[in-house]
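Combine both chains into one complex, guided by the hints.
Protein chains in written order, with the working numbering: chain A, 1 to 489; chain B, 1 to 533.
Calculated directly from the structure, the hints in this document are not laboratory data. Just so it is clear, CB atoms sit at the ideal spot from N, CA and C, and this is done for glycine as well. Take these hints with a grain of salt, some might be off.
[Claimed, not checked] Simulated crosslink set (BS3-like; lysine-lysine; CA at most 25 Å straight-line):
#	chain 1	residue 1	chain 2	residue 2
1	B	K34	A	K144
2	A	K87	B	K30
3	B	K398	B	K476
4	B	K320	B	K286
5	A	K87	B	K479
6	B	K40	B	K30
7	A	K87	B	K40
8	A	K148	B	K476
9	B	K139	B	K155
10	B	K227	B	K145
11	B	K112	B	K98
12	A	K436	B	K30
13	A	K451	B	K30
14	B	K30	A	K144
15	B	K183	B	K99
16	A	K436	B	K34
17	A	K148	B	K40
18	B	K99	B	K112
19	B	K398	B	K34
20	A	K148	B	K34
21	A	K303	A	K331
22	B	K398	A	K148
23	B	K34	A	K451
24	B	K40	A	K144
25	B	K34	A	K87
26	B	K30	A	K148
27	B	K476	A	K87
28	A	K87	A	K451
29	B	K145	B	K99
30	A	K153	B	K40
31	B	K112	B	K145
32	A	K199	A	K331
33	B	K373	B	K276
34	A	K87	B	K398
35	B	K30	B	K398
36	B	K90	B	K320
[Stated by the list, open to error] Take a look, some chain B residues computed to stay more than 10 Å from chain A by CB distance:
#	residue
37	T110
38	D118
39	D195
40	E333
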Amino acid sequence: MKKIYIVFTIFFTLLVSVVTKAQDPLSLYYLENVPQTVSINPAMVPRANAFFGIPGINSIYTSVNTDMLGSDMIQEYNGGYVTLTQKGFDYQPFLDHIGAAANLNSYQTIAPIVMGFSGKKGYFTFSWTEKLNESVALPQDLFKIIDKGFPNKSEFDFSPMAMNGQYYRELSFGYSYKFMSKLRVGIHAKILQGLVAIKTDIDKFDLNTNVDEWTLDLDGKIYMSAPVDVDIDENGIPSASMPDTDMETIIDKGLLNFSNPGIAVDFGAVYEHNEAWTFSGSINDLGFINWNGDLNTFTADGKFVFDGLNIDASNMDSIDNVVDAVLDSLKQAVKLRHSSEGFSTGLGPKLYLGALYNVNHYLSLGALSRTVFAKNDFKQEFNVSANVNLYHVLTTSINYTLAINGANTFGLGLALRGGPLQVYVAMDYIPHSAYKNVVISTTDDGGEPTKVPYVPTRFDNFNMMFGVNLLFGANGYRDEPMVDSYNEF
Amino acid sequence: MKNIRIRTIILLIGSLIVLSGCMKDEIELKDPQKYNRPVKVAGPVFNAHFVAQDLLDKLGDNEYISVDKDGLIWAKADTSYSTVYDKIVKYDSLEYNKKYDLSTLIKKSTNKAFSYRDTITASVIPDQRFDSLTMQIAKMEITIKSPTAVTGNYKVTFPEITDGSGTILSFDGILGGSDTQSKPLNDGMLRFFQDPATNKSAFEMITEGVATINGIPATTELEISIKIIDFLPEEVWGYFGRQNTFQERDTMDFNFLSEYSDMIQFKHVNMTLQIKSFFGSPVSFKIDSVMFTNTTTGDFVHMPDTAIHLRSIDYYNPTKPSVDSLVLDIADEVNIAPDRVYYSVGGWVNYYGEHPGQQDFFINDGKVDLDSKITIEVPFWFKTKSYRRTDTIDFNIKEMLDSNIINYMNLYFDFTNGFPFDIYSQAYMVDSLGNKVDSLFNDGVKQVWDSPIIDATGRAGEPVLTEVDIILDHDKLVKLYEQNVTQLFIVSRVKTGGFAGSQETPEFVKLFDDYIIDISLSLDAGAKVDNLN
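The shape of chain B in the complex, shown without the other chains (with noise of 0.2 Å):
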């Protein structure tokens, strides 16, 4: 009994298990890593918010972007031009060296008195006429050297200068070695008088003494060396001549403009001369042979020669400087789409030669700069039926999709346009040669993203929202993979004006920087798992 019931229980046990239990055949999965399942996917994509002024960075450089005051946009683009005044007024060298042989003139006697007379030359330039100099700080220095065996005294006198305390400079000495002197010269004063030999600015040197040669000595001559050492002017006047400080063949790209080609008419073209003197002088800022180019077309304009002639400033308001622009609105005689401006640019002194009784003057105050400047200016007040931008993105569906496609995709599309003009667009699905497979939007139809009301003033009212669905269906996706779409080459062109049949609709438009677009996607996407492959 105890036996059987043993074994009742292994039996139970046993069976227990080989019930529970068991090795199935043999089975195969395949591609066991690949997921597709007939999931769906429904969501938001982005949000896409751009202003005016983000757009216009976008297709050029930013650097010749800019808004005024009232928000409007400007295309700018602005060359400088400078000098200082140390171009301008120039000095010869402020040192002098003369010998003389006081043999001829003492021979053997003693006690002989001499004398000589130097003119020194001080202004460079030749029509350039120096009349006074002041000095801020200064000081002349002079050696004089004569042999030992000559015995005696000296006197250097410069009649044009006088010292800080109104006293002619002159140095005394004895003779026979080397003697060498300073005096200080701050705020003193130099006059200049005209040499008529040379019709240049100068001064006046006079050597006088007694001297005694004594013996048969291997040199007579008397030396003399003057120099000015520290030399800091505080006011030059004269008349300082017909000067051109610069003259320079430039270009001015303007790359930005010919992204427009000849698709877009401005209201406004402008060119502004500008031109900020802190000369003593009369200056002049001459612009001329301007040409205007399309590099794209080859068309040129020529511009007719144009100055800003800017009187000297005030003697007695110094820091304040004379400045003037001229503006010229070169918008219809500019009518090529110009992407690089031709010229040549010259800034002059004295342009129309010295006047009766002209003064110049140079005060070292510090601000001794002439600068002056071309500006060119495109506000973004325009009119244009043609605009038109292609781009293309990379959109190969194979890549995006792998093995498995798309059963359908839903694409929403909120897109708000606060933009003066009408947008058209299309998006062309090609192949990798270009060939045209399918478009996003119904063939033959642009889509219109409509634009705001415009006002009077050519300011765009509120944005207006277009919402577009598109539908790829999966008979389109199935074209789109099997012709390997790679690119989408999508086509807008802009027009303003016309729209929202208002008579009051101005011809032009203003592009402000609050002007905005807003673009917004979501889809509503589900698999297939058929396998195109």
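Here chain A stands alone, though its shape is the one from the complex (with noise of 0.2 Å):
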């Protein structure tokens, strides 16, 4: 009993506030005879003398991460509730929240292949991933404007807007083999295949706004490697519009598409200490890709006043002629430029550190910490969860899940075993507080109210994976007895 409250109070110790992206569902983690879990830990192995995905449904992933719900959306105010657009919101608790940025994370991928057998020595897996991730950064100051508008004497630093995201493949080859008795380690070594990236790295954008002049000054550069075309007025000023595809481009620019190419590497361990403890750990993405097709940059360096819409005999008939003037006069001061440039991508590794205390042969306790690194920063995410393996048919986790300014939810992963045949599912902070019957009134048009019965109060992340493989002699690995004949102890 002791042990127990001891793990509780580490762990526990531990959680401080939120925040976290999403990643794989920490809910997999401990769903032991899920092949998927490897892809968490190169070292772990399913219990499976070989396993293979249903191709395209064996692992599909998808998870949205942001800090722009996680406060209160809906507030009490007069008596009444208001929400952002309305007088009477307090900003604060969402300008706190989301810091300096409001951050729009997704990802996106999906299996075609994924396959896995036992060797002589260790264990071997394959698998080809089609991943995609978005990320979109919005400035606390923007947020700003639409609380406060553009008063006069007001500065605004746009300069942590961000927009990333990339498209690629990754082909992995995964090796599992028991180092020692207690101690096995395994690798992923991934060939990757840049398809489509957009990279921004803004280091200056700031709007002062006064009566008499706004002032912008940015310094900034869009990198992307896709296949986007670029037009160069007189003026050099570049405009770009996405070209028209057929099928001969998307598989060129798809299938086909060698000219981004990318490597990266995952490590794992897992040590059983004892029949009760089993120590984790992996370390994951340490990689990137060289985005060398396709480049069309963008470069924005310069300072452009605005002191009013200039009228003439010449425009005074068209305000968008004079609205276009000064968009051209903007592109031209803040010297809106068109290069072709490399860049390179990181993955953004991940490093699992995990502690599994085996109640007895189908209850565990585990307890997972996640920690993702980004340019100069990192995301903190602290995982408990119990674990009930029904080997031959169900293996369960329910789990809490703490992130750094973030997320602090419940999650669940479940898999079922007929046969061969598996089913499973994974999915991390998954809301739990709500408004009821939220009853939205409009006084214009007088029509009948929506009622909407379920609203969560917050949103910061909700991740999910699904899948169905095909499990071979998954009763046990050859090296290792079945937990079905473990000696309760």
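If you want it as structure tokens, here you go:
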């Protein structure tokens, strides 16, 4: 009993406030007989002699991660309720919560091929995965505009603005090897094939508003590797548009696009200290992609002073022309230019550290830490779980995650097996606090109010993976006895 | 013990979930789609820059506006008339046919001589006289038809026509059948004589020969046809007569001036008659029955008839036209701000008839036009104390502000006036029925945009900046909103002279094209949350 208290004390002590980025579901980590755990820790091996993911539906993953909805979006005010656009809404909790920028990230993966098998000394795995990541950062000062407008003598810093995204193909070759009697190590060697990417690098994006003039000071770059048509006007100002696409282009720029190579590795280890305690760790996605094809770099570095729309006899009859002239002046002033610069993107390395306490042969308690490293930053999550492993049929994990400056809510993992067929689902950050029966009324049209039965009070993250696998020899694996044969301790 | 431990763990996890999650009571969100936060906006709105000519172009049709070399702006309207020499010098038909009955002359004789003389008229216009004609290109074609029963020969002679070598033009041939001949007349000449019978210019054709009629033919007619073909004259000499080459009753609209009605007095109003001639005759351009009218007021003024008379061009310098113009300053006479002119205009050749020894000529060198033009010009050199202009601008405050009213709005105008007149203005906010609700500037106080200092020549100096702050507070905005202001009625009045306290300020000022007006607007506004609906 005392041990359990110590375990929880350790983890609760580590729990501070929140924010995480969506990655592979933490709920997946201790679903021991789901082969996709290998993608988190390459030292792990599924409890099957071999597995084969049903093509296309073996690991469908989607994730949304934002801190924009992490504070109360509906607030009480004067006995009623208000939201962002309304008088009385207090922006400070929202601004405190998002920090310098509000982030909205989404991740989608789909794996055409996932397979693995036990070799003589180790376990081999291979996967082909299509990965799409997008992230948008909206600077805090953007929301100050909604809050306060553009008052006289105001300064706005939009430099945290960012828009990054990449779509790449990952071919992963994995090998897990029992290095010593208690230690298993694993590695994934990944060949990456970049397809499309966008990356922003904004050093300065200041706006000062005064009654006499507005000043915009901009210094930043947008890197793109994408088939974009760029026109350069007589002043050297570029404009971009999407080209017409046909099947040939899709094949050339998709399947057969090898101009953006990358590599990455994952390392993992599992240490079975004794029958009760198992410790594990991995560091994943140490790698990068070099983007060299279809390069389009847009650079802006300059200051634009707006002292009003300039109207004269030539344009006074067309406000469109007046506005266009301002935009042209803006482009000139900030020296908007086009070039083709290669760039590289990282994958965002992740460090997993876990401890598992086997209460008995079907129940275990897990603790897991995940650290996601980003440029000059990191995100930290902690997860505790209770895992029930009825290996022949059912594996489940009920867990709770606390993310620093992020969500604190529970997750669920579930895998069911019938014969060789296995169906699983794992999800984190299930919204658990909500307004019920939200009535949205409008005074203008006099129509019937809209009733929404369930509106989460907050929403930071949500991720989910599900899939269908075929497991072969799923009653154990060659070099270790099946769990069913464990003696209860 | 183990069961207790498991139960404890499950209890802890359950408590954690329950404590961290809850369902709140039913709530109501009213109008979440409406944005009603009390935001503020401060910033520049526009900088309008206009030069004088821009504004005048907007006031009237810019075809009336011109700028002289000094930059002075003029309003100008003109109309042109022209004629070509073909309408002055007209030849009769260049073909001639004649039949002679040989039987009456010859009867049954053999080798009997015959002779005929014919006068061929060349001029058409009654008092037009041709003395000579040189031909750059021409060809005389002659056809003689006689019955086959007639034998003999003929000779046709044109004593007044010589070919390029100076030889008198004649044709010889055999009678009996049809005989066609032609001879070139390039560089040839035709010397006319004045036919006393018709008093027209003419030349003679002499037909003579010897003929024998064999048997009894069905016809004994001798038929002669002549025609001058490929005719391109080089010079014509003579007297071309007193001709009215054109005569039109016309009007000239001058809408631009009507904009100013009778509120502006111009220093000058010029009416210019111009004529340019390549004619080898005296020409005249005559304007009469001139009446200036103001179609708004119905006022009209008659002007005396006027004409310009030009001498012929110099024969030895034919590429230099004969030109003349007449400028009439009619500012004093035409002080009714006319917007339409009625007049009758005519072009004349030899208006005063023939002088002794006069020789008109026409040289076919491509410049054979007579151009004339009437121009009315008004330099913007004017004075006014009462020029008044009104403009209406849509200003539907309810549409602009929707249901959220602005709490306050401070408008900051910078008005830089480079024009040589003070501008007094007021903007009235009116409802849809035209009822005044309020005024932009303080009631009863017209905003004055001061003029620059004017120098002795009437030119304005450095533009003058006037700053005006307009404070629209909440009460005023509510009033405009509640009383459904839909339009801004802007009244402006312009006053020249007498400003800046300068004794040297001229009575009249000039409007140069480089005068400017700059208007800058910036605002500081705050939204009020209260919904006035």
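Now the hints, each set against the structure:
Taking the CA atoms of K34 of chain B and K144 of chain A, the gap is near 18 Å; set against the 25 Å cutoff, the hint holds. Between K87 of chain A and K30 of chain B the alpha-carbon distance is near 11 Å, which keeps this suggested pair within the 25 Å criterion. A hinted pair counts as satisfied when its Cα atoms are at most 25 Å apart, and K398 of chain B with K476 of chain B qualifies at roughly 14 Å. A distance of roughly 22 Å separates the Cα atoms of K320 of chain B and K286 of chain B; the hinted pair therefore holds under the 25 Å criterion.
Distance restraint check for K87 of chain A and K479 of chain B: the Cα-Cα separation of roughly 24 Å lies within the 25 Å cut-off, and the hinted pair is therefore satisfied. Among the hinted pairs, K40 of chain B with K30 of chain B is consistent with the structure: their alpha-carbon atoms are about 23 Å apart, no more than 25 Å. Taken as a hint, the K87 of chain A and K40 of chain B pair is honoured in the structure, with Cα atoms around 13 Å apart against an allowance of 25 Å. At most 25 Å may separate the alpha-carbon atoms for a hinted pair to count; K148 of chain A and K476 of chain B meet this at roughly 24 Å.
About 18 Å separates the Cα atoms of K139 of chain B and K155 of chain B, which keeps this hinted pair within 25 Å; it holds. Restraint check: the Cα-Cα separation between K227 of chain B and K145 of chain B comes to about 15 Å, which is no more than 25 Å; the hinted pair holds. With a C-alpha separation of about 20 Å, the suggested pair K112 of chain B and K98 of chain B falls inside the 25 Å cut-off, and the hint holds. For the suggested pair K436 of chain A and K30 of chain B, the alpha carbons sit about 16 Å apart, so the restraint of at most 25 Å is met.
About 12 Å separates the Cα atoms of K451 of chain A and K30 of chain B, which keeps this hinted pair within 25 Å; it holds. The straight-line distance between the Cα atoms of K30 of chain B and K144 of chain A is roughly 23 Å, inside the 25 Å bound, and the hint therefore holds. The straight-line distance between the Cα atoms of K183 of chain B and K99 of chain B is roughly 22 Å, inside the 25 Å bound, and the hint therefore holds. Distance hint between K436 of chain A and K34 of chain B is fulfilled; the C-alpha atoms sit about 22 Å from each other, no more than 25 Å.
Between K148 of chain A and K40 of chain B the CA atoms are separated by roughly 6 Å; this keeps the pair inside 25 Å, and the hint holds. Only pairs whose Cα atoms come within 25 Å are accepted, and K99 of chain B paired with K112 of chain B is accepted, the gap being roughly 18 Å. For a cut-off of 25 Å, the pair hint linking K398 of chain B to K34 of chain B stands: about 16 Å separates their Cα positions. With a CA separation close to 16 Å, the supplied pair K148 of chain A and K34 of chain B stays within the 25 Å bound.
As the CA atoms of K303 of chain A and K331 of chain A are separated by approximately 10 Å, the hinted pair is consistent with the 25 Å bound. Between K398 of chain B and K148 of chain A, the direct Cα distance comes to roughly 23 Å. Compliance with the 25 Å bound is thereby established for this hinted pair. As the CA atoms of K34 of chain B and K451 of chain A are separated by approximately 18 Å, the hinted pair is consistent with the 25 Å bound. The suggested pairing of K40 of chain B with K144 of chain A holds, with an alpha-carbon distance near 11 Å, which does not exceed 25 Å.
For the given pair, K34 of chain B sits about 10 Å from K87 of chain A by alpha-carbon distance, which is consistent with the 25 Å threshold. Distance check on the hinted pair: K30 of chain B and K148 of chain A sit about 21 Å apart at the alpha-carbon level, within 25 Å; holds. Restraint check: the Cα-Cα separation between K476 of chain B and K87 of chain A comes to about 23 Å, which is no more than 25 Å; the hinted pair holds. Restraint check for K87 of chain A and K451 of chain A: satisfied, since their Cα atoms lie roughly 22 Å apart, inside the 25 Å limit.
Between K145 of chain B and K99 of chain B, the direct Cα distance comes to roughly 9 Å. Compliance with the 25 Å bound is thereby established for this hinted pair. Of the supplied pair hints, the one linking K153 of chain A and K40 of chain B holds, its CA atoms being roughly 11 Å apart against a limit of 25 Å. Our distance criterion of 25 Å between C-alpha atoms is met by K112 of chain B and K145 of chain B, whose separation comes to about 18 Å. A threshold of 25 Å between alpha carbons decides the hint, and for K199 of chain A with K331 of chain A the separation of about 20 Å falls inside it, so the pair holds.
Under the criterion of a C-alpha separation no larger than 25 Å, the hint pairing K373 of chain B with K276 of chain B is consistent with the structure, at around 9 Å. Between the alpha carbons of K87 of chain A and K398 of chain B the distance comes to roughly 21 Å, so the proposed pair stays at or under 25 Å and holds. The hinted pair formed by K30 of chain B and K398 of chain B meets the criterion: a straight-line CA distance of about 22 Å does not exceed 25 Å. Proposed proximity of K90 of chain B and K320 of chain B is supported: the alpha carbons are some 24 Å apart, at most 25 Å.
Separation of T110 of chain B from chain A is adequate, the least Cβ-Cβ distance of about 96 Å exceeding the 10 Å criterion. Listed as outside the interface, D118 of chain B is consistent with that label: its C-beta sits roughly 73 Å from the nearest C-beta of chain A, beyond the 10 Å cut-off. Distance check on D195 of chain B: its Cβ is at least 68 Å (rounded) from any Cβ of chain A, clearing the 10 Å threshold; non-interface status holds. Every C-beta of chain A lies more than 10 Å from that of E333 of chain B, the closest at about 35 Å, which supports listing it as non-interface.
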